[in-house]
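Asker: Numbering (full-length UniProt numbering), first residue to last: 1 to 422.
Derived by calculation from the structure, the hints in this document are not laboratory data.
Virtual Cβ for every residue (Gly too), placed ideally from N, Cα, C.
Take the hints with a grain of salt, since some may be wrong.
[As the list claims (entries may be wrong)] Pairs of lysine to aspartate or glutamate residues, derived as DMTMM-like cross-links and limited to a Cα-Cα distance of at most 25 Å, are as follows:
(1) K74 / D153
(2) K68 / D84
(3) K314 / E235
(4) K68 / E151
(5) K123 / D64
(6) K68 / D186
(7) K79 / D195
(8) K74 / D64
(9) K79 / E151
(10) K123 / D153
(11) K74 / D186
(12) K68 / D153
(13) K167 / E101
(14) K68 / E23
(15) K79 / D153
(16) K74 / D84
[To be verified] Restraint-style ranges between C-beta atoms, simulated for each label pair:
(17) L43 / A160: 40 to 50 Å
(18) I191 / T415: 32 to 42 Å
(19) V262 / L41: 35 to 45 Å
(20) A35 / R126: 53 to 63 Å
(21) S311 / R26: 29 to 39 Å
(22) A366 / P341: 37 to 47 Å
(23) L246 / S119: 52 to 62 Å
(24) A366 / V202: 46 to 56 Å
(25) T415 / V241: 22 to 32 Å
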Amino acid sequence: MTITADTTPDSTARLKRELKSAEARRRAMALALVAPLALFLLLIFVVPIGALLTRAVQNPEVVDALPKTVAALKAWDRKTPPADAAYAALATDLTAAQDGEAMGALARRLNTEIPGFRSLVAKTARAMPLADEQGHTLALAPAQTRARLIELDARWADTAYWQAIAKNGSRTSPFYLLAALDHRQDAFGHIGPTDPDEQIYVTVFARTFVISAVVTLLTLLLGYPLSYWISTLSERRANLVMVLVLIPFWTSILVRVAAWIVLLQSEGLVNHALMDLGLIREPLALLFNRIGVYISMTHILLPFMILPLYSVMKSIPSTYQRAAVSLGSHPFAAFWRVYVPQTYPGVGAGALLVFILALGYYITPALLGGPNDQMVSYYVAYFTNVTINWGMACALGALLLAATLVLYGVYGRFTRAKANAR
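Based on the provided sequences and hints, a complete structural model is requested.
Answerer: Written out as structure tokens, the structure is:
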């Protein structure tokens with residue numbers, strides 16, 4: 001019996017529709033499987049990062065607390081004394097202010113512009129509304145309001161305080177980002193460096209990058225030969241050694257740091273061992289300095305270097321190196337010219353992973369380092385938990401994120417260039 005296919009136009013169109021419907025169902029199923037992960041990343045990663053970036057440029061304190069004052073200062077040239085209407089608007093805003101939290105935020109924000117502005121705002125707010133000696137509220141003309149405010153505190157006659165208010169008359173400002181780069185914007189919008197005795201954050205960023213680079217180099221120097229040795233072992237022994245490499249992941253970072261405090265202190269095991277061996281006569285200072293930070297961070301991050309190196313090394317055939325030696329190459333030259341270049345992807349991945357992880361370290365420098373060993377993360381925590389300055393904390397975090405993305409982009413471009421060269 002012969003079976004013939006129905007090839008009429010109607011059957012062909014129906015078959016196409018069925019194929020499209022089946023493909024659409026497959027795509028919908030795939031999207032449904034990925035949707036929980038996408039939603040999780042959106043809520044846990046994308047939204048917080050977006051909030052971080054927006055908080056770094058948000059500046060709503062002055063606009064929310066002094067709306068009429070900001071409007072009155074819009075046309076002010078910021079050189080001559082402000083008009084009487086600005087004084088009247090300030091008195092109106094402070095009189096109408098009922099939210100103590102908003103006034104506190106205003107005082108803190110203006111105090112970052114001029115030290116002592118907080119006390120001026122608090123003093124003036126307590127005196128509102130302006131009243132006579134009997135406590136009766138006065139209906140004053142703008143010029144009279146000006147005179148009363150200057151009489152209350154002579155600082156209101158100083159244009160610098162009004163310039164600070166006018167400069168922050170927008171809901172967005174580069175103030176925090178500039179401050180994180182040791183720069184500032186004057187009352188006329190010109191950007192320049194801060195005073196030398198106030199420049200700390202560029203030094204902190206440089207210190208963070210130096211510590212991360214040194215730790216990355218140390219993990220590479222220790223991890224490369226160890227990974228090579230593991231790759232030469234039998235599968236059973238290699239698995240056993242890898243278990244030993246991964247054992248530190250079974251304990252928290254805090255526990256490992258505490259263990260290093262016990263080992264590195266003046267009466268710790270390291271100093272005792274060195275003194276018993278006759279290598280030193282008195283205990284070395286290994287805690288609360290850069291040495292302790294390097295030792296602990298290298299120990300904690302070493303597995304992150306070993307894992308990508310080992311995954312690359314175990315896939316490299318040993319016959320390449322033996323072939324180079326059989327052709328007359330020195331064993332070291334064969335290793336350096338034949339084997340090492342093939343491990344570059346693992347070196348790059350491990351170095352990038354360790355460096356990026358080291359950039360954000362907080363607890364290790366905080367517990368093992370001294371005042372000059374703290375990294376950017378320390379100041380992010382300080383502004384978040386101590387001074388409650390979210391703008392500055394987010395600005396530092398945003399710059400650190402930008403540096404991480406730049407490094408990732410450089411690595412991606414480097415790997416693409418290497419791939420194209422092949």
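Asker: Please go over all the hints and tell whether each is borne out by the structure.
Answerer: Right, here's what the structure says about each hint:
1. K74 / D153: Cα-Cα ~24 Å, so holds.
2. K68 / D84: Cα-Cα ~13 Å, so holds.
3. K314 / E235: holds (10 Å)
4. K68 / E151: holds (22 Å)
5. K123 / D64: holds (19 Å)
6. K68 / D186: Holds: K68 and D186 sit about 22 Å apart, inside 25 Å.
7. K79 / D195: Distance of about 22 Å is within 25 Å: holds.
8. K74 / D64: Given that 25 Å is the threshold and the Cα spacing comes to 15 Å, the pair holds.
9. K79 / E151: Satisfied, since the Cα-Cα distance of roughly 22 Å is no more than 25 Å.
10. K123 / D153: With a Cα-Cα distance of about 8 Å, the restraint between K123 and D153 holds, given a limit of 25 Å.
11. K74 / D186: holds (16 Å)
12. K68 / D153: holds (21 Å)
13. K167 / E101: holds (22 Å)
14. K68 / E23: Measuring from Cα to Cα gives roughly 60 Å; hence the hint is violated.
15. K79 / D153: holds (21 Å)
16. K74 / D84: holds (14 Å)
17. L43 / A160: 40 to 50 Å: Holds: the Cβ-Cβ distance is about 44 Å, inside 40 to 50 Å.
18. I191 / T415: 32 to 42 Å: holds (36 Å)
19. V262 / L41: 35 to 45 Å: holds (39 Å)
20. A35 / R126: 53 to 63 Å: Given a distance of about 55 Å, which is inside 53 to 63 Å, the answer is holds.
21. S311 / R26: 29 to 39 Å: holds (32 Å)
22. A366 / P341: 37 to 47 Å: 40 Å Cβ-Cβ, so the 37 to 47 Å window holds.
23. L246 / S119: 52 to 62 Å: Taking Cβ atoms as reference, L246 and S119 lie about 56 Å apart, which means the hint holds.
24. A366 / V202: 46 to 56 Å: Violated: the Cβ-Cβ distance is about 21 Å, outside 46 to 56 Å.
25. T415 / V241: 22 to 32 Å: holds (28 Å)
In this structure, the earlier hints numbered 14 and 24 are contradicted, and the remaining ones agree with it.
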